[in-house]
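Position in the sequence shown (from 1) plus 652 gives the number in this note's numbering.
Be aware that one or more of the hints could be misleading.
Stated by the list, open to error - Calculated cross-link-like contacts (lysine to any residue; reagent style SDA-like; alpha-carbon spacing at most 25 angstroms):
| no. | residue 1 | residue 2 |
| --- | --- | --- |
| 1 | Lys1259 | Ser1275 |
| 2 | Lys1123 | Cys1205 |
| 3 | Lys1259 | Thr1141 |
| 4 | Lys1209 | Pro1271 |
| 5 | Lys1259 | Arg1208 |
| 6 | Lys937 | Asp702 |
| 7 | Lys679 | Ser721 |
No lab work stands behind these hints: they were computed from the structure.
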Amino acid sequence: MKKKTGNCPEMNHLEDAVFLDHLGVCKLCQMRLLDGPTFHSYSFPRQYMDFLVDKIESVCVVCFGLLQSLRISHTSGPVNSSGDVISQILEVLQSSSYRFSEFQLNISEPVDISLRDRAIWALLADRHQQAAAGDGKPEDITAAAAVAVPAKVVFRNLAYSLLKQQLLKRNIIHKALFVSDIPGWFDPSTEQVSILVTFNLLDPSGVSKLYMDRLTDAIKQTCQPRLWSSLLAAPKKPRKSRPFGKAAPVPSPSVTSTVSRTSIKQLLPLLPDNVFLQKVIDLQKEASELSQQSVRVQLLSVEVSRVSPLIIAGRYVKLCRKLPQTPWILDGERKLETSVEELIAAPVVSAFGPGTKYNFVSSGREDIDVRCLGLGRPFMLEISNYAHTLVSMLTAEGKHLGDGTPRVDAGDNAKINTDSTDVGELFPAPGDLSWMARRINLSTDRRVFVRDLQVMPIASANASLKQGEFKKSKRYRAVCWCSDGGLSTERIHRLEAALRVLSGLPAEKSTLQWPPLSIATGLRHSTNFIELPGWEINQLTPIRVLHRRTLACRQRKIQWVRLADFCSAVAEDAPFELQDFRVWAGQYPTEELFLLELCCEAGTYVKELVHGDFGRTQPNLSSLLGCPVDLLALDVVAVDHDWPPCLPDPGL
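With the hints as constraints, model all of the structure from the sequences given.
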């Protein structure tokens, strides 16, 4: 072995290696400790493969066999094969339904290995100190320890290369969606999986617990409680009330504690080398005992999961008045069979494969009996633990698509990997999920309609929804009932005069009349309406939502208001948006009904704006008109939030 130079100890590494070899330290542990930079890359030096054996004759006192052989026995956990570790990982991957183009390999090693690493450095520091009588060698050892590599990193680099070879050979891993010029909407980590391989110790004689108890006892006896109390987790006891002003009890050194993988890295430096060797473990003095112990590493589990969530954004139009946005469950009992969230998510989850989970987030929400029309309400689905990637779904979808598949311009220079199904030709813009939107729209029984469905980066999706929550405005249309004879020209004049005062406009004689003159609107239908200026309101939390909303007074801006004649608005040639309102003509006198359209700030409770909520919303439409007014039916006409970008109408 070559002599190290630079910041490493001046003592020949060969001497240190021989010393460690006599202690029972394996070759790879010697190299990762004394020649750490060799393993700092994500590759494994091929010449070191010769140090791996099929059968371990003498188990390493540091890694417990982790770096001596790939043939490691397993517990009665989820791993059921009896081959080497690579074979067992491959078996788990093949039995799972995950599709991926890249993977991350993570190793969880027993905490005892960190304890043994610390014992090695304490011994080497003491050995150098005795050899050179304080000429700076301990500091050199500290510098060498700083670049040493944990055993799990060496095992990861070794296993990663071998595992990738087998994945490619068995065609388990697929090609990435993009080969170059990756577009901004695409996150490559969504095509990756994380493989967590966990090892523990087969320790029938309880040696592991013995040394951990020694460590915790030494720390409690040597260090102040403030240094270790938060790192040693004592078993939790039922919480007891403590009199006000009484200080919390100081942790007792006699309390049994456990050491986690996270805390041991902070605990080990607390003890000086001489104290550690004296009170915890001295590998040189206990070499004969350690050689007789049957402690060795074993494979506990192999777990596969997704690295990153996939974000699907879009807009939904709600056409049903008996449909909640999210599942309506009260006291454990479902009140309605489904919801907007479930109708949208069900086909998406089915497309992404078994085990897929999701989180539904929208830009605001509407009540169960409120429709959401126009371009719809922005929403996103955060898909996690999905089995199929975007490219695997497109490949499957491309197998049964015909010439009628819409071609969408990619809009960038992204180069897409293709296979025999010609995915690149069928889906030149793979972020456009119009094909999935059509699948959703066919499954909702026309209660919900989805559009602009597309893949979005998670950062911009969260930021856009959050920004729209505070800055967007919304437009509504409602059928209102004025029970005191309906609207009249006199009441309209009173309303206009009040709004001019609230808006700071000079008073002038009103020329408005009721019913109003006929004027063309944006509904492709000639109707009669009056447009009035807006005003600011103060809203206490409405009584109907007080059980789930904080009691507060909120200021909201009403930007404009329109009042329309009911009979002319819902005439026979009225568009479908207004035909739903005809049902009210059979329940109330038509002369007492009118249509209200308004544009207001996000977060306005429109129902309470109309009837006042027993005076909790001021000024309200009822108080301004001087007569009781109630809201019978409400529609969200538009959510003024320019996100996500518009795509061609997917149709049904």
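Results of checking the hints against the structure:
The suggested pairing of Lys1259 with Ser1275 holds, with an alpha-carbon distance near 14 angstroms, which does not exceed 25 angstroms. For the suggested pair Lys1123 and Cys1205, the alpha carbons sit about 19 angstroms apart, so the restraint of at most 25 angstroms is met. The suggested pairing of Lys1259 with Thr1141 holds, with an alpha-carbon distance near 24 angstroms, which does not exceed 25 angstroms. Proximity of Lys1209 to Pro1271 is assessed by CA-CA distance (about 11 angstroms); at most 25 angstroms being required, the pair is judged to hold.
Distance hint between Lys1259 and Arg1208 is fulfilled; the C-alpha atoms sit about 14 angstroms from each other, no more than 25 angstroms. Restraint check for Lys937 and Asp702: not satisfied, since their Cα atoms lie roughly 30 angstroms apart, outside the 25 angstroms limit. A distance of roughly 12 angstroms separates the Cα atoms of Lys679 and Ser721; the hinted pair therefore holds under the 25 angstroms criterion.
In summary, the structure is inconsistent with hint 6 from the numbered list given earlier, while agreeing with all the others.
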